[in-house]
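Visitor: Residue-level listing of the chains:
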Amino acid sequence: MLAEHFPALLVVTPLVAAPLIVVVRSARAGWAMALAACLAAVLMAAQLLARVAASGPVSYAIGSWPPPWGIEYRVDAASALVALLVSAIGTASVVYARRSAAAEIGGERLYLFYALMMLCLAGLLGMVVTGDAFNLFVFLEISSLSTYVLVALGRDRRALTASFQYLILGTVGATFYVMGVGILYLATGTLNLADLAVRLPQAADPRAATVAIAFITAGLGLKLAMFPLHAWLPGAYAHAPSAVSAFLAGTATKVAIYALARIWFSVYGADALLRDIPVAPVLAALSVAAAFIASGAAIVQDDLKRMLAYSSVGQVGYITLGLSLATEPGVAAAIAHVVNHGVTKSALFMLAGAMALRLGGTRFSDLAGVGRTMPVITFAFVIGGLSLIGVPGTAGFVTKWALAGAAIRAGQPVFAAVVLLSSLLAVAYIWRFVECAYFREPPAGAPAPGEAPASMTGTALALTAAVVAMGLHGAPVLGAAGRAAAALMGGAR
Amino acid sequence: MSVAGHFGYWATVFLMMAGLFIVISRGNLVKKLVGLSIFQSSVYLLYIVPGKLVGGTVPIVGEGFTVYSNPLPHVLILTAIVVGVATLALGLAIVVRIREAYGTIEEDDLLAADARAD
Amino acid sequence: MIETPGIAALFVMLAAVAVAVARQRNLFGVVVLTGTYSFLMATALAALDAADVAMTEAAVGAGISTVLFLGALNLVGSLESKPMERPWIPLVLSLFTGMLLVYGTYGLPAFSDPHAPIHTHVVPRYLQEGLAETGVPNIVTAVLASYRGYDTLGETTVVFTAGIGVITLLRRRRKKKEEGGS
Amino acid sequence: MRTDVILRVVAKLLIPFALMFALYVQFHGDFGPGGGFQAGVIVAAAVIFYGVIYGLPAARRAVPDRAVELMVAAGVLLYAGVGVAGILLGGNYLDYFVLASDPVHGQHRGIFWVEAGVAITVSGVMLKVFYLFAGRGRDPEDEA
Amino acid sequence: MSDAAFALAAVAVPFAGAALVALAGERRRDLREAATFASAVMLFFLVVALGPQVLSGGRPAVPLFDMVPGVALALQVEPLGWLFAAVASSLWVVSSAYSIGYMRANGEGRQTRFYACFAGAIGAAIGIAFSANLVTLFFFYELLTLVTYPLVTHHGTDEARRAGRVYLGILLATSILFLLPAIVVTWILTGTTDFRPGGILGGRIDAATAGVLLALFMFGIGKAALMPFHRWLPAAMVAPTPVSALLHAVAVVKAGVFCVIKVIVYVFGIDTLASLGGSAPFTAIAAFTLVAASVVALRADNLKRRLAYSTVSQLAYVSLACSLFTPAAIMGATLHLVAHAFGKITLFFAAGSIYTAAHKTEVSQLDGIGRAMPWTMAAFGVGALSMIGLPPMAGFVSKWYILSGAMAARDWVVVAALAASTLLNAAYFLPIVYRAFFVAPAPGDSGGHEAPAPMVLAQVATAGACVAIFLFPGLAIAFAKAVAGG
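These protein sequence lines are chains A, B, C, D and E, in that order. Just add 134 to wherever you are in the first sequence, counting from 1, and you've got the working numbering. Just add 1081 to wherever you are in the second sequence, counting from 1, and you've got the working numbering. Just add 468 to wherever you are in the third sequence, counting from 1, and you've got the working numbering. Just add 1180 to wherever you are in the fourth sequence, counting from 1, and you've got the working numbering. With the first letter of the fifth sequence counted as 1, position 371 gets the number 353 in the working numbering; the numbers rise by one all the way through.
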C-alpha cells in the first residue's frame, strides 16, 4: 500500500527530516535522522526502479488533482535511476560526514549542516521525479539555496566568495530557466511536461519554442557547469567541506543534466532538436571545448580538489556530448556516464577529503609523499583516477566505450576521437598526482603513516569498490541507462 | 500580432537586460544583489502581463463578474517572489560574512586578496 | 480602455528607476531606489489584476528587502567604491539575451488575447470549477494551496532553507562554556 | 530612538492592530487577496517594529530565539504533515479531499492548515533573519 | 578440477601471489620470496596441465562478468594463448630465481612492491593470453601497462620518473587512441569481439576499412613496439635488469606481438586479409623497423640499450611475418614469439649478471670478461646465436618458417630485409662475444667473478632451453600449426 506513495515519499522523507533535525538541535541525532532518511530514500528509489522496469512509468497525482491541473510526479526508468544514484551518494556522503563534517564544521552549526544536506537531497530528488516544469524550478531552488550555504561552510574564507559567486550565477541560471518555462507556458498554456510535449508541436509559432529551449539550456547549463558557464564550479567544489564536495560532485550537476535531457528529449524530442533548432550542434561544440579546455586546465591546478573540479567540467563535457548526439545510444551513454562519473567523482572527493583531514590541505605541496603516509587512501585515489582516464576495469571505461560506440554509430567518429584524445589529458593530471604522491618526499613535519577515520576511509573505499565493480560488470548500469534513454526519448509522449 | 500588442514583453526584456547588466558589470557585491533582484523581477512581468485580460478582473469568483485575469501566473509568481527574497537574504548573509573575512565587498579587491593567498 | 496606457506608463517608470539603480553609487540611494522600484512593480501588478502578487511584492520588495538591505549595509558600509569599468562585455551580453527574448516573444500571443493558450487550456477549470471543487472563491488561493499546493510546500521549504541558511552563516560560535537553550 | 516616548506609545498601540490585520489577511485569504505568506510577513513586521522601537533585547524577550527557531521548523512540518495526513487517510500526498467526510470541507480544512504552516515558517524566518542581522556587530553575549 | 577452472586459476594464481607478497611485506622477506616462487611454480604446472587438452582441440572457456552488454569479461584457452602462457609461466619460474639473486645482491629497495608488481604483471600476461575476446584482452593489456609502471620507475629517480612517463605515455596513448577505437569499430561492424578461428570480420569489411582498422590495431598495440611507437622500450632500460627481462622476454613485448598475431588470426582471419590485399604498407613499416632498429643497436655502446633495440628489431620480425598473411609465416611468427623470449631473456640475464658481478654496463668495458664469467658469457653467446638465427638455436627454427613464408609469398622485399637484419644482428652481437672471450682485459681491470648462483643457474637454464627448442621443436611446432591452421 505504502509503496504506491513512494514517488512522493521519496522527496518528502528528506524534506521532513530537515525541520525535524532543526527541532531536535543535536548533531548526533541529526546525523542519525539524516542517515535514516537517506536509507529510506535509497530503498524507495530502488523499489521504484524495479517497479518501472517491470511495469512501466508511474504517475502520481499530488493532492489527487489530475495533471495538468495538479502537479504530477512521474517516475520512469530515467528518473528512478538518477534518483537511486542521488540517494545512494547522499547516503554515502552522510556516513562520510560524521567525522569529516565534525572536524571541518564542528560545534553548534553541525546539526544545521545535516538539515541543509537533507534539504539539498530533497531538492535534487524533487527535480528528478517531478513531471511539472515549474515545480522543477521550485525544487531546483531548494537544492541551490542549501548548496550555497553548504559551500560557504568550508573552512577557508575563499569558500565564502565561491559560495557568493555560485549564488549569483546559480540564480541567473534558475531565472533563465523560469523565463524559458514562462515562454513555453505562454505558448502552450500548460506546465506539465507530458502535456507540453503534446501541445508544443501544435503551438502557433516556432520562434517561441526555439528561444525557450535556448533559455532553458542556458539556465540548466549554468547549473550543470556546461562550458563556458562553469565558472562557479571550481571554487565551489574546491573550498566546500569535503563531504559537501563529495555529495555535490556526484549529484548536483548530474541532476541538472537529467533535467536538461528530460526537457530536450521528452518535451521537444530528438527530431525537433536536430531538425528545427540548432541547439544540439552548439552543445556538441561546447562539449568538445569542455573536454579539452577544462581537462587541460585541470593539469595546471596546484590544488587537488580544484584539479578534480576542473576534471568534472571536462567530464560533464562527455555527458553533454552524448546528449548532443540525440540518438538513443548517445543518450544512454550520457546517462551511464552520469552514474559512473557521479560515483567516481564522489569517491575521489571523499579520498581527497581524507587526505586533507590528515595533511591539513590538498595542495600538491601538502600531498608530497602521501603514497607512503596514507597508502590505502592514495591507492584508492589512483583507482578512481584510472576511472577518470577510462582504463578498463573501472567504471569510466564502460561509459567511454559506450560513448565512443554511440558516436561512431551516429556517424560522428570525430566525437569518438575527441573522447579518447581528451582522456589523455586525464592521464596527465592523474599522473601528476601519482608522481607527487609516490615520488616526492613527505614535507618535514608530515604526520606519521596512518589513515583517516574508519567511517571516512570505509565510505570512500566502498565507493571505489563500486567504481571497480561497475567497471568489471558494467552491463547492469549500461542496461539501466539504455532503458532510461528509451524512457527519456519516447516515454513522455 | 501588432507591435503594440507586445509592449509588455518589452518591459520584461528591458528590465531583464538592466538587471543582468548590473549583475555582470558591477563589482560591489550588494549592488550585484540589487541587480539580481531586478533581473528576477523581470520574470514577474513575463508571466503576469499576458495573463491580464483587458476588461477582466482579479480572479476572485463573485457575482457579476464573468471575465477574470489568469490566476495561474499569479500563483507561480508568488512563488518566484518568495524565492527571490530568500535568495536575497542568503546573499546578504554571505556578503556580511565576506566583509568580515576580507574587509571589503568589492569583487576586484576580493580577487586580489585571493590571488595573494595563493 | 484606459488600462493599457496606464500600465504602459508604469512600465516606463520601472525602466527609468532600473536605469537610475544602475547609475547610483551610494548604496543607501540604491536601496531607496529599489524600494521605489518594488512599489512601482506592485502598482503595476495591481493594475494587471494580480492583487495577491501586488500585495506580496509590496510587502517583500518594499518591506522585507529594504529592511534586509539596510541591515546589511549597516554591517558592510554603503559606498560602491569603484566606478564602472569596461562595461562593453556585459552590455553586449545583456543586449544579446534581450534580443533573443524579443525574438522569442514575437512568437507569443499579443497582449490580452483571449484566445491565447494560457486562457484556453488548464485555467478554465480553475475559474469554472475552482469554487465548487475547493470552496474557495479566491482562485489564486485555491490554486496556490490546493491545485498546486505542492509548489507552495516547496516555496515554504525555500523560505525554511533560507532561514536556516542565514542562521548557519551568521550564528556566532559561542564563546566560553555558556550552556543552555538559546 | 529608544527614548522617544511618542514612538513608544504609538508602537504599543499599533502592534496589536498589526497582529489583528495579520490574522485578517491569513483567514480572509480565501475570499480576498492575502494568505499565509503575507500574514507571516505582517506578524514578523510587527515584532520587528517592536524591536526597532524598544531594542533588540526587548524583542528577543518577547519572542525568544528558541521559539523562533521552532516556528521556522514547525511551519514546514505542519505543511508536510497535512500531506502525510492525506496519505494516512487513504488519499494521495497533499490530498485534502480525504481530510473530512465532505470533500469540499476537506479542501477547506487542508487549505487552512497549510496556510497556517506557511505563515508560521515565514514569520519565524523573517524574525530570525532580523535578529541575526540586527544582532550582528553587537555584544556576542546576546547572540543565539 | 575442470579445465575451465584450471584456466581461471592460472589467471588468479599470480594475483593471489601478489597479494601474498604484499601481505608478507618487507620484514618477512623469505616468506615473501617463497610466495613468489611458489606461485610461479604453481602457475607453471597449471599451464602445463592445460596443454594436452588444448592440443587435442579442447577450448576451456570461463565467462566472468558482463563488462558491457554483449561483451563479457571472459577467458578461453586456445593454442596461441597457451603457448604464450607456457612461455611466460616457465620464464617466471626462472626469472623469480634470478630476481631473488639480483635484488639481494644489489641491495635494491622497495622489493615488496617489486615482487608484487612482477607477479601482477605475470597475471596480466596470462590474462592476455587467455582472453576470449578483444575487450578482455584490452582490459588485461592496460592492466599490464599499469602494473609494470612501478617496476619501470623502481628507482624513483628523476630519470626513472621520466622513463615512466614515456613508458606510460606511449603505451596508454596508443592503446586509447588506436587500439580502443579499433575494438569499438570491430564491435560495431560485427556485433561481437570474440576471437574466432578464421576471424570475425570476414565478409563484413571492405579493403579500405580493413586497411584503416589494421593500422589502428598494429599501432594501437604499442607493446609490439612498431616504429614510431617504440621509444618506451629503450626508455624503460632504467629499471633493474629483472624488470628488463620481464619487459623484453616474459610479458610485455611478448604480449604485444601476441596481440598482433591474435588479432590477425582470430579477428581478421588470414584468409580475409589475404583476399583483401593491401598489406604492403605494413610490410614496409615492419621491414623498416626491422632494419632501422638493428642499425641503432649497432651504434649503441650501452649493453642494455643495444639489447633493447635488438628487441625492437626482433619484434618487427613478428609483425613482418604477420603482414604476409600466409599460414607458414604465421607459424613462423608464433614460433618466433617463443624463440625470442628464451633468447632475449638469456641475454638480459647475462647483462644483469655482468652488472651485478662486475658493475659494467657498456659494451666497450667488456673486454675479456669471459674469463672471469665463463658461464655467463657462454649463455650470452647462445642467446646471441639464437637472435641471429643460427642453428642449433631456437631462433633458427622460427626464422626458417618466416623466411619460407616470405618465399612462398614471393615477397622479395621481405626476404631481403630478413637477410639484411640477420647480417646486422650478427654485426652487433658477435663483437660482444668476441670481446668477452678473445680480447685481453684492460689493464687494472680486476676481472671479477661469477654472479650469485641463482642468477647463473637461471641463465644457463634459459640458454639450455634455446638449444632444446631447436633439438625438440615438435611441441612448439604442433601448437604453432594449430594456430596457423585455424
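Worth flagging that the hints you see were computed from the coordinates, not collected in a lab. One or more of the hints may lead you astray.
[As the list claims (entries may be wrong)] Computed list of chain C residues with no C-beta within reach of chain A, every gap over 12 Å:
| id | residue |
| --- | --- |
| 1 | E471 |
| 2 | G503 |
| 3 | T504 |
| 4 | G531 |
| 5 | L541 |
| 6 | G545 |
| 7 | L576 |
[Unchecked claim] Have a look at the derived ranges for each label pair, beta carbon to beta carbon:
| id | chain 1 | residue 1 | chain 2 | residue 2 | range |
| --- | --- | --- | --- | --- | --- |
| 8 | A | P415 | C | I557 | 47 to 55 Å |
| 9 | C | F496 | D | L1193 | 25 to 33 Å |
| 10 | E | A401 | A | V510 | 37 to 45 Å |
| 11 | A | D436 | E | R353 | 54 to 62 Å |
| 12 | A | V510 | E | E141 | 23 to 31 Å |
| 13 | C | R491 | A | D436 | 35 to 43 Å |
A quick note: this is a predicted structure, and the numbers were derived from the prediction, not measured. By construction, the Cβ of each residue, glycine as well, lies at the ideal position given by its N, Cα and C atoms.
Visitor: Is it the case that C:L541 keeps its Cβ farther than 12 Å from each residue Cβ in chain A?
Guide: Correct as stated: the minimum Cβ-Cβ distance to chain A is 16 Å, above 12 Å.
Visitor: Would the non-interface assignment of C:G531 survive a Cβ cutoff of 12 Å against chain A?
Guide: holds, 21 Å
Visitor: Non-interface claim for C:G545: all C-beta distances to chain A beyond 12 Å?
Guide: Non-interface label stands for C:G545: nearest chain A Cβ at 16 Å, farther than 12 Å.
Visitor: Against the range 47 to 55 Å, how does the distance between the Cβ atoms of A:P415 and C:I557 compare: consistent or not?
Guide: violated, 25 Å
Visitor: Between the beta carbons of A:D436 and E:R353, is the distance compatible with 54 to 62 Å?
Guide: holds, 57 Å
Visitor: When you take the CB atoms of C:F496 and D:L1193, is the distance between them in 25 to 33 Å?
Guide: holds, 30 Å
Visitor: Taking the beta carbons of C:R491 and A:D436, is their distance inside 35 to 43 Å?
Guide: Given a distance of about 41 Å, which is inside 35 to 43 Å, the answer is holds.
Visitor: Starting from the hint 23 to 31 Å, judge whether the C-beta atoms of A:V510 and E:E141 obey it.
Guide: Because 29 Å falls inside the window, the suggested range holds.
Visitor: Could you let me know if the closest chain A CB is still more than 12 Å away from the CB of C:T504?
Guide: Its Cβ never comes within 12 Å of chain A, the nearest being 22 Å, so this holds.
Visitor: Checking the smallest CB distance to chain A, is C:G503 really beyond 12 Å?
Guide: Given that every Cβ of chain A is farther than 12 Å from that of C:G503, nearest at about 20 Å, it holds.
Visitor: Taking the closest pair, is the beta carbon of C:E471 still more than 12 Å from chain A?
Guide: holds, 20 Å
Visitor: Hint says 37 to 45 Å; check whether the CB-CB distance for E:A401 and A:V510 agrees.
Guide: Roughly 56 Å apart at Cβ, these two residues miss the hinted range, so it is violated.
In summary, the structure is inconsistent with hints 7, 8, 10 from the numbered list given earlier, while agreeing with the others.
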